[in-house]
Amino acid sequence: MSRTKTHSQLISAIADLNEELALNLIRERLAENDDPLILIANCEKGLQRVGERYARHKYYLSGLIMGGEIFYEVMELIQPAMQDRISGTSSGRVLLGTVEGDIHDLGKNIFKLLLSCYKLTVYDLGVDVPPEEFLRQAKKLQPDILALSGLITKSYDSMRETIRLFRQERYRIPIVIGGSQLSEEVFHYTGADYWVNKADVGVKLCLRLLK
Amino acid sequence: MDQVNPGLCKLIACAAVIEEMSPFIPPRMSYEVLDFGLHTDPESLKIALQNAIDSSAPDIETILLGYGLCSQAVVGLRSGSRTLVMPRVDDCIAIFLGSAAEYHKQYDTVPGTYYLTKGWIESNDTPFSEYDTLVGRYGEQIAHRVINKILKNYTRLAFISTGDNKLQYYREHARSMAERFTLRYEEIQGSDAIIKKLLYGPWNDEFVIIPPGKTISFFDFRENGP
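Protein sequence lines correspond, in order, to chains A and B. According to my numbering, the residues represented by the first sequence are 1 to 211, in order. According to my numbering, the residues represented by the second sequence are 1 to 226, in order.
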């Protein structure tokens with residue numbers, strides 16, 4: 001089967017939430033030494049279709065979550081191949097967590113997995129993390145970047161509170177906020193240094209900040 | 001602005017909240033209900049809201065919005081020639097609970113709470129209603145797995161008990177869903193305080209008031225500003 005055909009099959013498998021087919025295609029392509037970055041790009045296209053179908057009410061919330069989960073599983077398979085392509089050892093450390101009052105972590109976990117593909121060290125504090133805990137861990141682990149994740153509106157207040165605490169303590173570190181519903185206004189409200197609403201954009205930003 | 005003239009007001013509300021509002025809507029107040037399904041796509045909700053605002057009858061001076069920030073769907077709405085009034089809340093859970101303060105209290109107590117009301121259960125647009133659809137399509141095992149993924153990190157299912165006295169069916173439904181997905185079931189007493197204030201005033205600092213010719217901003221929902 002041609003690579004082009006497999007790639008379009010992969011996009012369709014993700015869009016159709018066919019987990020088994022998607023994972024088999026990934027295993028197959030990895031065995032053929034396909035470029036993992038192209039595989040990731042195809043998965044993202046599939047995921048974009050899932051989002052479009054959700055917006056058109058063809059999928060419900062379960063479809064959206066399932067798409068994200070399949071992407072996560074794909075990334076787990078791709079991770080070793082990605083790491084093989086990147087020379088050297090860990091080039092940076094990111095302290096990550098979903099802020100206090102929020103328990104959503106699908107986006108955060110995908111971001112974490114993508115970062116580890118680039119051999120960055122990720123300290124994941126989990127969900128519902130209080131501002132004081134972020135600061136305590138930052139002092140202990142000395143990360144290069146602080147990444148705060150949140151989905152619900154209430155998380156913006158926690159992001160703001162966490163950032164205020166870091167500033168108040170004069171702890172200097174680039175602070176990135178991430179979440180699918182973030183906006184320019186929310187970014188200004190929180191006082192963060194950077195904002196992203198897509199995991200892959202967040203990874204590119206971190207790599208740039210670490211240069 | 002304390003005095004509300006119902007004949008000059010129009011209420012635009014989400015289908016999920018109209019049921020709680022309708023017993024209190026003054027007879028001379030016109031109202032429009034928007035599809036609950038719009039909440040899944042904030043951009044579509046924004047367009048539907050702007051259309052509903054713009055197409056109001058010429059004599060309408062004030063539009064009451066039965067919405068919160070709702071994934072920022074209301075951010076960017078233009079008041080045009082009218083005044084917009086809406087609760088200063090993040091979403092309709094606060095409307096059901098009666099205040100932003102109660103909403104924050106509940107979230108601070110148990111952040112991983114899935115909220116249900118009679119209106120939501122009837123809307124058939126919750127992970128629990130999706131469960132049956134998924135069972136039909138993929139079988140019980142996969143359906144269970146998918147819903148458990150949606151509910152990952154959730155520990156409590158809270159049924160908000162509202163003014164309606166025929167809640168037994170919905171209460172039982174919520175309780176059985178909690179059992180099925182191993183969530184702690186709790187019933188929280190709702191309040192119609194914010195609904196009554198929206199419909200009758202006074203519109204104190206619990207409300208966002210957008211004068212004619214202005215646009216709703218995220219900062220209108222945060223007292224402590226940028």
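Since the hints were made in silico from the structure, they are not lab data. Be a bit skeptical, because a hint or two may be false.
Quick look at which bits of chain A chain B covers, simulated, 3 or more residues with Cβ under 8 angstroms [claimed, not checked]:
(1) 39-49
(2) 75-82
(3) 150-158
(4) 180-193
From the three backbone atoms N, C-alpha and C, an ideal C-beta is built for every residue, glycine too.
How the hints compare with the structure:
1. 39-49: violated (count 0)
2. 75-82: Not satisfied, violated; 0 residues make the cut.
3. 150-158: holds (count 4)
4. 180-193: That given contact holds, which follows from 6 residues of the stretch 180-193 of chain A lying within Cβ reach (below 8 angstroms) of chain B.
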